[in-house]
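Below are the chains, spelled out letter by letter.
Protein chains: 2
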Amino acid sequence: MTYRAPLGDFSRILKHVVGYDRVAETTLFEEASLETVEAVLGEAAKMCEEVMAPLQRNGDTDPAVLENGVVRTSKGFAEGYKAIAEGGWIASSADPAHGGMGLPMVVTTCVNDMMSGACLALQLNPLMSQGQIEALEHHASDALKEIYLPKLVTGEWQGTMNLTEPQAGSDVGALTTKAEPLDDGSYAITGQKIYISWGDNDFTGNVCHLVLARLPDAVPGTKGISLFIVPKFIPDETGEPGQRNDLRVVSLEHKMGLHGSPTCVMSYEGAKGWIVGEPNDGMRAMFTMMNNARLGVGVQGVGVAEGAYQHALAYANDRKQGRSDTGTILGHADVRRMLAEMKADTFAARAIALALAVALDMGRATGDAAWKARAGVLTPIAKAFGTDTGIDVASKGVQVHGGMGYVEETGAAQYMRDVRVTSIYEGTNGIQAMDLVGRKLMDGGEAVFSLLDEIETHAEAGKEHMPDLAEAVWQATETLRETTEDLLARDMADRFGGAVPYLRAFARVLGADAHLRVACAERGGAVERLARFYITRLLPEHSGLCAQARASDLPAAEDFAA
Amino acid sequence: MTYRAPLGDFSRILKHVVGYDRVAETTLFEEASLETVEAVLGEAAKMCEEVMAPLQRNGDTDPAVLENGVVRTSKGFAEGYKAIAEGGWIASSADPAHGGMGLPMVVTTCVNDMMSGACLALQLNPLMSQGQIEALEHHASDALKEIYLPKLVTGEWQGTMNLTEPQAGSDVGALTTKAEPLDDGSYAITGQKIYISWGDNDFTGNVCHLVLARLPDAVPGTKGISLFIVPKFIPDETGEPGQRNDLRVVSLEHKMGLHGSPTCVMSYEGAKGWIVGEPNDGMRAMFTMMNNARLGVGVQGVGVAEGAYQHALAYANDRKQGRSDTGTILGHADVRRMLAEMKADTFAARAIALALAVALDMGRATGDAAWKARAGVLTPIAKAFGTDTGIDVASKGVQVHGGMGYVEETGAAQYMRDVRVTSIYEGTNGIQAMDLVGRKLMDGGEAVFSLLDEIETHAEAGKEHMPDLAEAVWQATETLRETTEDLLARDMADRFGGAVPYLRAFARVLGADAHLRVACAERGGAVERLARFYITRLLPEHSGLCAQARASDLPAAEDFAA
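So the protein sequences, as listed, match chains A and B. Using the UniProt record's numbering, you'd call the opening residue of the first sequence number 1 and step up by one each time. Using the UniProt record's numbering, you'd call the opening residue of the second sequence number 1 and step up by one each time.
Treat the hints as calculated values from the structure; they're not laboratory data. If you're wondering where the values come from, they're calculated on a predicted model, not measured in any experiment. Among the clues, some could well be false.
The list treats identical chains as one, so a pair stands whether inside a single copy or across any two.
Below, a list of computed lysine-lysine pairs in the BS3-like style, where the Cα atoms sit at most 25 Å apart [as the list claims (entries may be wrong)]:
1) Lys320 x Lys178
2) Lys223 x Lys320
3) Lys15 x Lys372
4) Lys272 x Lys223
5) Lys178 x Lys145
6) Lys145 x Lys15
7) Lys46 x Lys15
8) Lys15 x Lys178
9) Lys46 x Lys82
10) Lys463 x Lys178
11) Lys372 x Lys82
12) Lys46 x Lys178
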């Protein structure tokens with residue numbers, strides 16, 4: 001099994017779709033020219049291809065296990081982690097003040113995409129650290145920053161996120177973990193957390209848990225939640241790991257996939273923690289972390305889609321079948337249809353993720369509220385469409401393999417099992433869609449309409465070279481605009497029933513915009529043919545989706561009892 | 001985990017959608033009144049709920065294994081098989097001359113649906129026997145029938161199908177297994193077969209393999225294939241299992257799911273076999289078996305969809321979440337959307353399967369070519385849409401469970417892993433779609449158009465009670481008609497690239513017809529609301545699908561190298 005990093009598509013998207021040049025023109029990112037970025041991505045690509053991709057199957061065949069209270073990780077993961085850390089890929093966007101490279105999110109996003117395509121179970125580890133670094137940079141005291149950030153950035157230590165409890169999943173406000181103030185300004189954390197990805201490992205000097213908990217006087221719900229950093233080993237006065245903290249891994253979940261990533265049930269038993277941000281303001285800090293994590297999880301889907309696509313294509317090129325034109329199953333129209341859908345959707349999802357990364361970078365570099373609003377709109381779409389695409393492409397990858405796809409040794413099924421969780425964690429895709437039609441339309445649709453205006457401008461420009469495709473994109477954008485207006489006229493409860501199809505229709509239009517733009521830039525070849533495929537075949541899905549979004553009849557709870 | 005057989009939906013569909021009364025009016029099935037059928041299904045339901053459903057998890061947690069060349073099956077499967085056999089559920093449609101009940105395929109189809117929903121891994125066993133019985137009834141000599149059929153029908157012996165070889169999957173004509181004539185009129189079979197479902201077990205007195213092989217003088221390709229029955233134990237002169245035959249299970253596949261069903265690599269080493277049908281006419285016999293098996297596999301998808309739906313609904317009713325109206329996650333609009341899609345699609349897929357069963361029964365009972373042509377059109381649709389629905393519903397079932405869905409102990413992931421193979425085996429769904437736009441349109445579309453005419457007649461009638469829904473169904477049918485005409489004007493190669501979306505659009509329209517008809521019969525309640533949901537939300541997908549079917553641009557093989 002081999003993996004080749006999609007450097008060509010990254011360049012295409014950065015140049016022709018998301019307008020990366022604007023990022024490089026800001027003062028903040030003036031050193032990150034496109035050439036520099038491409039060189040950096042080339043380095044990361046090498047590491048992903050040579051070090052991480054060979055570990056992919058190990059995560060499945062030699063799963064992480066809990067032995068005497070300690071997590072033992074899959075064969076080779078320790079060395080893979082070391083390569084990630086040494087390359088600086090844990091947090092390439094982190095602040096140089098703490099050892100980061102200060103590169104745009106665009107770079108981190110491409111690197112996460114490649115690492116996910118190469119070995120998702122291992123990539124989830126640095127993704128957790130990235131979220132923690134982000135949260136600490138924004139909300140921690142200088143003292144905490146100084147202790148934790150440098151070691152997290154280099155990968156000497158690893159970070160986790162602890163939100164979920166058995167009775168508090170999507171409804172995070174229901175959590176009950178307690179934080180009691182101690183005399184020295186720290187807190188004693190007590191409670192059980194579940195679904196803690198990479199809650200422990202056997203290759204970093206410390207594991208630092210960001211834990212949501214309640215102070216003794218906290219009000220119920222999300223307004224009474226605070227955030228704490230709770231290390232496995234308490235840093236001593238020199239900042240080195242000291243005394244073992246009162247926390248432990250109770251068990252690992254037996255999951256459908258991602259067996260290389262230990263998903264821990266964690267028990268905090270009066271563990272020493274330090275508050276991050278203000279008391280009762282934990283949700284705000286959590287959202288800092290979660291917003292970027294949503295982009296991160298979205299590109300997990302994109303990365304796996306790429307890996308699964310390449311894996312299926314290699315099989316289709318290899319599997320002899322006399323009756324077809326090419327002598328292989330690639331000669332069959334339906335096999336090409338599947339592969340074209342996989343490739344076209346992966347490209348679309350990647351372009352959406354990078355558009356979000358650019359919006360985040362521009363928002364940060366310029367402080368412009370419009371960029372921040374743009375990022376707000378794109379976040380749930382990048383997360384949900386990226387992960388849905390990962391799941392769909394991986395399933396098509398199994399199908400391309402025929403019976404071989406169902407046999408585990410082939411590796412196709414692993415992509416499908418591994419990626420299946422991504423539409424669930426970091427806010428289910430249903431929650432992403434509710435965020436889009438809810439909070440993200442609270443501006444009366446301003447950010448959405450400005451995005452649709454831009455797409456129509458591109459479509460107008462595209463009419464010069466490929467009028468039929470450009471017209472289809474323009475029409476679809478208009479349908480999406482009308483659907484948005486329709487949703488805006490409704491109350492929230494009524495919007496929510498159509499939220500998921502609306503989000504998907506939005507992604508279809510964004511994907512069409514991306515395909516049209518690269519096709520206009522690279523006319524007459526495979527890129528144009530793929531764009532034509534997407535726009536004539538996949539974009540039309542948007543009309544049914546918009547109809548679904550606008551249909552208001554939803555069976556009532558009682559109907560399911562019938 | 002509990003499973004309740006969907007007896008209400010069976011009755012609804014038999015009465016209001018597929019016109020079962022016509023079957024009961026034929027001489028052949030005059031004893032199978034609707035009341036009798038309902039009573040029979042009630043008995044099967046009890047067995048599925050009480051005996052099979054409790055075995056579902058065992059198939060996953062205690063997989064079939066090969067020990068010293070012998071397959072050891074999952075805990076409880078032997079007893080489960082005994083209950084299936086004793087109830088007469090292995091082959092309720094088999095000829096009474098050989099001990100069958102002679103019931104319509106409608107009954108077998110409903111029973112297969114229920115057994116699949118209760119425990120797919122075990123149900124696959126009698127499904128294999130059903131195919132073998134069908135093939136022997138139609139093609140075997142009287143002598144072979146007398147030896148094999150009674151024991152297969154009672155379940156004393158079990159049957160398998162042996163088509164695939166490592167180099168010959170969908171391209172069955174590439175197979176190389178040899179059959180050399182022996183002096184006693186039997187043949188020596190030599191070769192390796194793969195993906196043999198239930199190739200062995202530890203609970204039947206014999207395992208009888210139907211094996212495709214080549215006679216010494218056979219021409220290459222499918223025209224040189226003959227069919228043989230090759231028993232594990234060679235029947236002695238009294239018809240009882242005698243000498244061990246020269247065949248063996250080499251290994252079991254390590255699959256994504258269906259762990260309770262041993263998928264064998266079989267080696268035939270000069271094993272004694274008897275020819276079934278004429279020399280070099282094996283493909284015709286195989287198709288007898290495969291056509292019914294396609295319906296059988298289609299309802300495997302439907303059955304698993306039902307099981308996964310019930311399992312997810314139970315969770316949604318149980319999972320407390322304070323913020324919702326009902327106090328559970330069922331109060332969330334998006335959870336109800338998912339469950340409504342699951343329920344509405346399961347109903348649609350079931351109605352299509354039963355329409356096919358009725359067409360098969362009517363074709364057999366009346367000999368009418370129009371019914372046979374109807375069955376021909378519905379076969380690929382029932383197979384592909386049934387299994388796609390199973391896969392989609394099971395994946396949504398995981399999603400409804402949130403994080404719990406990814407944890408194996410919950411059982412949601414098992415449905416998804418188990419059912420994933422159904423879109424691959426018994427002819428991949430791509431092959432089904434090629435059959436639909438290829439062979440099944442060779443009559444110039446006559447059978448398809450007659451079906452569409454009927455749907456439009458129903459829609460006209462439906463306008464009395466629910467004009468908006470009926471109009472939507474009528475319009476969608478017209479779009480499908482135009483798409484069909486469009487495909488007919490093209491050559492085959494050009495049709496194949498749009499075959500899968502065309503098949504799905506067809507299923508969407510058939511499903512809408514079924515929902516409209518039950519809604520007209522049961523107005524004003526949950527049934528009507530579900531029909532409204534399907535027709536306003538899921539039916540609109542057909543327009544994008546028809547657009548896909550009509551788009552002719554498909555990337556060329558070279559484009560994927562780019």
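* To do: Sort out which numbered hints this structure fails and list those numbers smallest first.
  => 6, 8, 10, 11, 12
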